[in-house]
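Same order as they appear, the protein sequences are chains P and L. Counting in my numbering, the first sequence runs from 10 upward without gaps. Counting in my numbering, the second sequence runs from 924 upward without gaps.
Among the hints, a few may not be true.
Examples of chain P residues toward chain L, derived with CB under 10 angstroms [said to hold, decoys possible]:
1. ILE208
2. GLY235
3. LEU237
4. VAL257
5. PRO260
6. GLN780
7. GLN783
For the record, the hints were derived by calculation from the structure and aren't laboratory data. For glycine and all other residues, C-beta sits at the position ideal for the given N, C-alpha and C.
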Amino acid sequence: MTDAVDATLEQFRTELAAAPHEAYELTLYVSGASDLSTRAIADARQLCDTHLAGKYFLSVVDVNEDACVRGTNGALATPTLVKNWPLPVHRLVGDLSDSDGGTTPSPEAAKNRQRRNGLAPATSETGPWLERLHGRAERPDESRVESPDAVDGARKESMPSPIAPVRTTDADAVELFRAIGAGEVDAFVVSDGAGGQQIFTLSTADRPYRMFVENMRDGAATVSSGGLILYANRRLAEMLSCARETIVGSPLARWMTGAVPTALDEIRGPAGLGAIVELDLLDGDGTSIPVRVGSSPLDLDDDRLICLTFIDLSAQKSQDREIARLGEAQAERMADLEVAQAALTQQATHDALTGLPNRALLVDRIDQALFRSKRSERCTAVFFVDLDRFKHVNDTQGHAAGDDVLRSVAKRLELLLRPMDTVARIGADEFVVLAPDVDSRLHAVDIANRLLIELMSVSSDPTADSEPVAASIGVSVSVGGRGTAEILLKEADMAMYEAKSLGRGRAEVFDEALRGQVQERLTAQLMLQSALDDRRIIAYYQPIIDLPTGMVAGLEALARLVEPDGSILPPAAFMPVAEDSGLVVPLGTQMLEMACREARRWQLSGLTPSLLTVAVNLSACQFETGDLPTLVRGVLEDTGFDPAKLHLELIETAIIDLRPDILLQLGRLRDLGVEIGLDDFGTGYASLTHLRRLPLTFVKIDRSFVSGIETDHEDDRIVSAVVDLAANLGLRSIAEGIETQIQLDRLRELGCDQAQGYLFARPLPPADVPQAIQHSAW
Amino acid sequence: VNAANGADFAIPQGGEVWYLRLYIAGQSPKSLFAFANLKKLCEEHLAGRYEIEIIDLVDDPSFARSDDILAVPTLVRRLPAPLRKIIGDLSNTQRVLVGLELRSDFSP
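Model the full structure from these sequences, guided by the hints.
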């Protein structure tokens, strides 16, 4: 035998001797039914019988049958005799036949033994070691021996010889081995050989880990498969606000809320792999604690345990709640922003009054429609709708009524159209309808007519029998996506103007002929504009003769356009354009300034009588600025011209509506001292009401009547009636267009106050005025 | 006294207090397991009339001698007499019940 084996054998013997009154549990590992195995079994039995009679269990394990068992006791070679109990475990490796040989324990070993167990050796130390061992072994304490149970007895009887000769003599031992075998024990009480005891726990080796678990910042627990808490660390006890004694041994479910069984299953995890779940623990005070539970199932000796860790989420949860709260607040703010943004978008793309798309959105939609119809022969139609009587409604019934009209027009248009169509409001009373997909120009005209009919039913006051608002519509059509939104809108606008000029309440489609007309008008407009810019609009003056005296009483200023080549154009050449384009407003202002300035100059220079008046024509458009009186007063102040000498002539048709705002402005003009008269009286619709309500000082009898005096009895009677009427109303009557002496005589006969015409003088350039006045006497 | 072959084992009576002593070694898993199992078992079968004394042999191993404790955990039934000893973590409830003579239907 090697020295190493000797040493092991000695230790083994010593250990056997150390606690002689204990029951021994020995395992002999052999390998197959070899001679060596047979001999080892025999030797081991003899060894035990000799020295441990009646107080040992010897099991024989054939490692060939189950190689795994070899590992359990560290039996690396066979035969190996392992002393499992009492502790510590010892292994005796090799042939046991030599063990009964002459090897003797050292005197030191014997003394040690003696010191440890306090027993004197019963046999000589030099004797065979098994003999000595046997000699010291105490008889089992009969009082403590409980009779072997029937089961063990029966097993013994039937047990075949070489395997597991288990005998029991001590109930404690039986119980102990059962417990050891079942893995229910993890610490042992070992005699320390000096009458004292020592505890060997399996925990010694894993103390660092236990310390670690014990001092963890998170809760930790070991739970049995039945859900009992077997261990809880300090932190868990803190979390649950309970003493550890209360926690250990209690079911885990006691500390949980909600669907506990499910939670437990979740904790165990599928296939025992462990899981991480979040749940609420319930502490001793019933307060719920949110925790994240981590688990790792352990399989220890067929005993399923679950190791759990509990991370307290209270702080995190409250943080989460705070974050969620902030998030909600943020979301609220974002929602507000979105609403505001949507409102802004709506505002930027829609008309506030009607809710219809505005010009910007319309242009975008038209461009989209054009793009979509490219490479097809489909038509895109744009309808420019201008309400004919909107201004009237606004002026006579107020803005609220006007707004109502706009809203009901918007509604009508929307109802009439297809979903793909767009109705937009792009100006005060201007609507545009976009029909992106029409078959033809004819189709577009059909749509326009339907729009006209529909709008005929819109009136400013549905309850009253008021006139319909009516509209003029200009249509432009693009085939195959040609053109742009701006071009289409411009063309539709032009067509609309054409429709208006052709008598309102109708639709016109833009075409090349119309383009030509429009082009012409545009050219004329440009021409007029440049004439205004260059101050090439000048006043010619026609004398007005006081019939009773035959003296020049005043001058009527008449506009002339001086072309760049010096030729002079009469009003008929540019006034229609001026009226259409609105240029009549600056033109009228220039005329007013010019007339006042020149007349004043003539007065100051003594060239004309100081009583001489100047008449200037007013266009209805000039009232649209809303503050004509202020303009007139400014001009009078600038030029120093006497207001009483300024006569403003209104074209009869301009005031047909008797609009309150115009009446107001006329009143203020009259307050300035300015005289106001009605031009072309008799040709329009002026009634006696007009004559009475307007702050007039004179009426001008239209030239058509005057020229008929000689030949047409009817005209003579009309002129006579007008002169009488004027006289009765306190108005001065002025006859226009007198060309013959007969006409003059007749007018004098009728009592007409004043007259003007070629008979006296044509309209004169300013330079000729003074001389003409001085030398005239009719 | 044999637990296994006595048909007339002690059935705990109404007011009878059971005095149990559990030997453990610190907080070894089996000790804790035994304690947990014991508590559960007592609550189920001896509710309100049991006392458990825990003896931690880590604190003083010499206490092992008083009941001849060999291994931990070990449960000792001190009262009612006779003394019973069960070694292990008490996880085999059936066996523990029989060992403590709390139940008769133990069949090997």
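Quiz item: When the hints from earlier in the document are held up against this structure, which numbers fail?
Solution: 6, 7
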